[in-house]
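> Listed below are the residues making up each chain.
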Amino acid sequence: MKVAYFPGCSMHGTSREYGESLHAVAEPLGVELDEVRDWNCCGASSAHASSRMLAVALPARSLALAEAQGHEQLLAPCAACYNRLAGARHEIAEDAELAGHVKRILARPFENRVAVLNAVEVLRDLGETIKAKATSPLKGLKVACYYGCLLVRPAAVTRFDDPEDPSSMEAVVKACGAEPVAWRMRLECCGGGFSLSRKPSVVRLGRAILEDARKAGADAIAVACPMCHSNLDFRQKAMARDGEDKPPMPIVFITQVVGLALGIAPEKLGMQRHFVSTKRVTSRGNGEATAPAAEVG
Amino acid sequence: MSAHEDAHHPVPRTLADKVRAATGLNPARCYQCGKCSAGCPMAAETTLRPHDVMRLVNQDRPDRLMDDESIWLCLGCETCAARCPNECEPARVTDAVREIVAAARPDAAPRAIRAFHAAFLDQIRKHGRLGEMGLIMGYKLRSGHLFADAAAAPGMMSRGKLAFVADKVEDVEDVRRIFAGCAAHGEEG
Amino acid sequence: MARIGVFVCHCGENIGRTVDCHAVAEALGQVPGVAHAVDYKYMCSDPGQQLIKAAIAEKQLTGVVVAACSPHMHEKTFRRAASSAGLNPFTCEMANVREHCSWIHEDRASATAKAIDLSRMMVEKVKRNVPLSTIRIPVTRRALVIGGGIAGIQAALDIADGGAEVVLVEKAPSIGGHMSQLSETFPTLDCSQCILTPRMVEVYQHPRIRLMSWSEVESVEGYIGNFKVTIRKKARGVDEDKCNGCGACTRACPNKRIPSEFDCGLGKRPAIYVPFPQAVPNLPVVDRARCTLLIARSKGKKDACMKCVEACQRGAIDFEQKDRFVTEEVGAIVVATGYQLYEIGRDQGGRKDLHGYGEYGYGTIPDVIDGMQFERLASASGPTAGRILRPSDGREPRTIVFLQCVGSRDPAKGIEYCSKICCMYVAKHAMLYRHKENGGRAVVFYMDIRAAGKGYDEFTRRAIEEEGAEYVRGRVSRMYRDGDVIKVVGFDTLGGEPFGVDADMVVLATAMRPQPGIESLAQKLSVSYDRHGFINEAHPKLRPVETNTAGVFVAGACQAPRDIPDSVSMASATASKVLGLFSNEMLEREPTVARVDAAICAGCFHCERVCPYGAVTHMEVKDRQGNVLKVVADVNPGVCQGCGTCVATCPSKSVELQGFTDEQVWAQIQAFLG
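Protein chains in written order, with numbering that gives the first Met the number 0: chain Z, 0 to 296; chain B, 0 to 188; chain H, 0 to 673.
One or more of the hints may lead you astray.
What the hints assert, rightly or not - The list that follows gives simulated cross-link-like pairs (lysine to any residue, SDA-like), each with its CA atoms no further than 25 Å apart: (1) Z:Lys-278 <-> B:Arg-19; (2) Z:Lys-198 <-> B:Ser-142; (3) H:Lys-412 <-> B:Arg-19; (4) H:Lys-412 <-> Z:Lys-132; (5) B:Lys-167 <-> Z:Lys-278; (6) Z:Lys-267 <-> B:Gly-154; (7) H:Lys-113 <-> H:Gln-29; (8) H:Lys-351 <-> B:Arg-28; (9) Z:Lys-198 <-> B:Arg-175; (10) H:Lys-412 <-> Z:Ala-154.
As the list claims (entries may be wrong) - If we take Cβ atoms under 7 Å as the criterion, some of the chain Z residues that face chain H in the derived model are: (11) Glu-93; (12) Asp-160; (13) Glu-163; (14) Arg-183.
Bear in mind the hints are in silico, worked out from the structure with no lab data behind them. On a predicted model such as this, the values are computed, not experimentally measured, just so you know. Idealized CB from N, CA, C, for every residue including glycine.
One chain only, chain Z, in its complex shape (with noise of 0.2 Å):
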């Protein structure tokens, strides 16, 4: 299958090892990417807290130029940007009026025929050439998928899985040959809109959310979103109690999970990059434990 890639402003910074673990399992999947040229940032919370107009139109242009290079579907596997860009294409199409000042203001072709899709319901829709593929180098994993608030809502907009109930990540990580626990927190939003300017606030979201994966006897959590990663990673050590100790719980991206499986070796995927020891998961994968683990946060 060949999609328009949306990368996203964080594949090209905080979550590095996000963009370079797509790319990496991409193409034994058979996915081809072709990155929407001079594509723009979507705007995140902050268009959305400030403007809808520009909530909207930021997301619009990229959805424009995709279209103009010939695409139907369009692949951005920042949660974040996926809300907003599929949230952008939900609400052009249901508004008309809205419609016609969007379109103005590109001032350029538009019929808003893109289709947006996240990683998750791409890779859940590969899970049998997954399977197929799989070394089996992740049997017993236990893995904690963890949805986060802007994959799965608002329902109108998402609509690729249950909104109360999605079990795609789940899949992804049994197609894997790893084992998702059953826990609570997986729809909970982690705060990480927060992440820079209120600090305990995302402290207190992120721990209640280590904390039930923990007790579910997850060896790791699986993410598909930047702004839950770099939350749950960079400021998991902020968000353990005093005296606490407990392992670090490893964050991956669900991408990562796959190419493990794979047998891709963990640098290619950029698990050296985490501020979490990866090693619970990597020992277990084909390759060497070879992430270093300066802990920082």
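With chain Z's structure known, arrange chains B and H on it following the hints.
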């Protein structure tokens, strides 16, 4: 009647009318069941919970909404909207209220949050994309939190996660036109 | 030469505020053929009617047009007045200048002009009206009651006690319905079965009631006074005449692990079973999908089990039995099919407009039960002999959380209405639990307490004030199992803070919905239903137990959520309607029905295919020697509802609707355009 006003599209006067005009949602549908607030991840920290916001919108009390930082603490996680039995979408109502309130009083949002959003949008305006280094520096200058997380930078850099030079959209003028277009639309509307 | 009288009504301010009624009367006075035109404040009042009667006599009127409200409201009134003054009632018509004019317009000048147009059009029609006479049809004094719950039982008893015969059809093995499953009833806390079972026995023993349990209505033909109903008697596997209800077969059946429908899955039953000990009739039924013998036979294997056959001393077990069809002729039908409870699972039986509660685990969390399951737990005859125990581990719950409005008042899940009874039975449940479990905590999450009814508010207050139920105003956002407890995440909107409870059991007051299959039954009966499947009454205030099909009545929770007293009241009301109908030797019907001109009908029978009421029949046209010349369409005036679909379809224009002929309608249009 003014030029813009007719029987079918009266100029919105109350806060609820304004929210309805901006979002198409009817805040009066809220029957104060509190299911939104029961599930809100920020309810533990805010004085006004989602159902309070709905109530104050319906009571036309922008003053109460402005006097408090609660509406700025909405994470936009949409849990309230997903579970609202009456399809009120408190998150979207809150978005609209923020926009209405900010138009009336630009300094309504807490400084740190304002600083973050301003720095973020500044980056997009400048480069079309987000330079995280630029964002952090911009945020620190605006918020006054100069040394927070300073220890993190070396770790970020050693992992190749912070780029000094921001990624840039080639046709950045195009993005700036969108900002200008949206601003102009806001003034009209 | 026509001499039409026009009478313009002000309807107080209703019409007069927007329409200049005097100007309308003056304008109509100028219309050719109008011999008299006046306006008056209340034309329907006694002096108003006198005005019409006097004018008919004085001015020798040949027709009357009353420009007033909807004919639904007062056509009968004015036709009666015209008739008493010597006119044929069908030469009196109404121009609706209220609903169609004054109520929907604001500008007085244009509303007045429109009222003049509407009245002029009606004058042109009435000029062409011909005298018609009412149709008289015979009545079969026998009623069909569909559904053997408390509503159906009450209707059947009242009709039969009134002297008419009743056929009572129940699709379950026993009558009794949901009321037989209840423990105690609000607001008196008397035992449900104790007050119900005598009624069930009375039905069984009544000389004028024919009870058909394990039966369903297959098809309905005919019309008021003259229905022909085919009933499917489902194969019971037991010969009703031979069985004496001794119960040997049910005891002998080795397959005793089947979840009992009567106990809502909390108890078990065998494959040949009587749903509950007080069942009426006390006849077992074979569960064909679970009987070891029938399963083996369906796979072509030899009979694997004959335990029940061996146990039966009377040779009553009959596996060869097939569904049978019987036809009954009745004059009236009462629909009393009751309700089912909404379930919170993901699967909503193919209903795309309904959604489950993912936030409450889609019904997968152990010890989250519905209100009817709680009734079975609380019932002395239930699977726990009246002890409130957790289904998962049989432990006594120390904290029970009750959630009101699950499904109900939740448009996001597809149901916007209030189920009406939940506030009451939740208060009852909380009380019953507190009586049984000393010191146990009963927490009720509610949005509003709707307890309008005699002794109802006192009852809910008693739960709070005297019985220690904790009422928390708010909806629950989420529920999940955490170890041994169910975490209930709510918000106390009155206290203004998050309110969580660790519950041992959660009871959901789920919405009342009509029974499955209600739509197909309604279609067989040609009665309308709302988008949820509730049967529509003919008028929400003034004809609450009639339907839009004459002779078909409705009682109980198949019309809207109802409690027992409401259902019983409705049932008695339908009985009074049915008995009223049966008090007539012959029925009178309005003659606005289709008539076929046999001379020009080509016999294509397009009309037959489009008629929604099945009113078109075939008629042979014979010559004097009795040879059949042709077969033409004929309309049964008893069945025809005057909808006019046949008229619009007929290629040869040989069918016309009496009182609405093409000529009349054209004249109205011409009057408007002219």
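> Now look at each hint and say whether the structure bears it out.
Against the structure, the hints:
1. With a CA separation close to 52 Å, the supplied pair Lys-278 of chain Z and Arg-19 of chain B exceeds the 25 Å bound.
2. Proposed proximity of Lys-198 of chain Z and Ser-142 of chain B is supported: the alpha carbons are some 13 Å apart, at most 25 Å.
3. With a C-alpha separation of about 23 Å, the suggested pairing of Lys-412 of chain H with Arg-19 of chain B holds against the 25 Å cut-off.
4. Among the hinted pairs, Lys-412 of chain H with Lys-132 of chain Z is inconsistent with the structure: their alpha-carbon atoms are about 41 Å apart, more than 25 Å.
5. For a cut-off of 25 Å, the pair hint linking Lys-167 of chain B to Lys-278 of chain Z is broken: about 35 Å separates their Cα positions.
6. With a C-alpha separation of about 20 Å, the suggested pair Lys-267 of chain Z and Gly-154 of chain B falls inside the 25 Å cut-off, and the hint holds.
7. Only pairs whose Cα atoms come within 25 Å are accepted, and Lys-113 of chain H paired with Gln-29 of chain H is accepted, the gap being roughly 16 Å.
8. Of the supplied pair hints, the one linking Lys-351 of chain H and Arg-28 of chain B holds, its CA atoms being roughly 23 Å apart against a limit of 25 Å.
9. Proximity of Lys-198 of chain Z to Arg-175 of chain B is assessed by CA-CA distance (about 31 Å); at most 25 Å being required, the pair is judged violated.
10. Of the supplied pair hints, the one linking Lys-412 of chain H and Ala-154 of chain Z holds, its CA atoms being roughly 13 Å apart against a limit of 25 Å.
11. The interface hint given for Glu-93 of chain Z is broken, as the beta carbon of that residue sits about 17 Å from the closest beta carbon of chain H, more than 7 Å.
12. Because the smallest distance between the Cβ of Asp-160 of chain Z and any Cβ of chain H comes to about 11 Å, over 7 Å, the interface hint for this residue is violated.
13. Interface hint status for Glu-163 of chain Z: upheld, as the beta-carbon distance to the closest one in chain H is roughly 2 Å, under 7 Å.
14. Residue-level restraint check for Arg-183 of chain Z holds (minimum Cβ-Cβ distance to chain H is 5 Å; threshold 7 Å).
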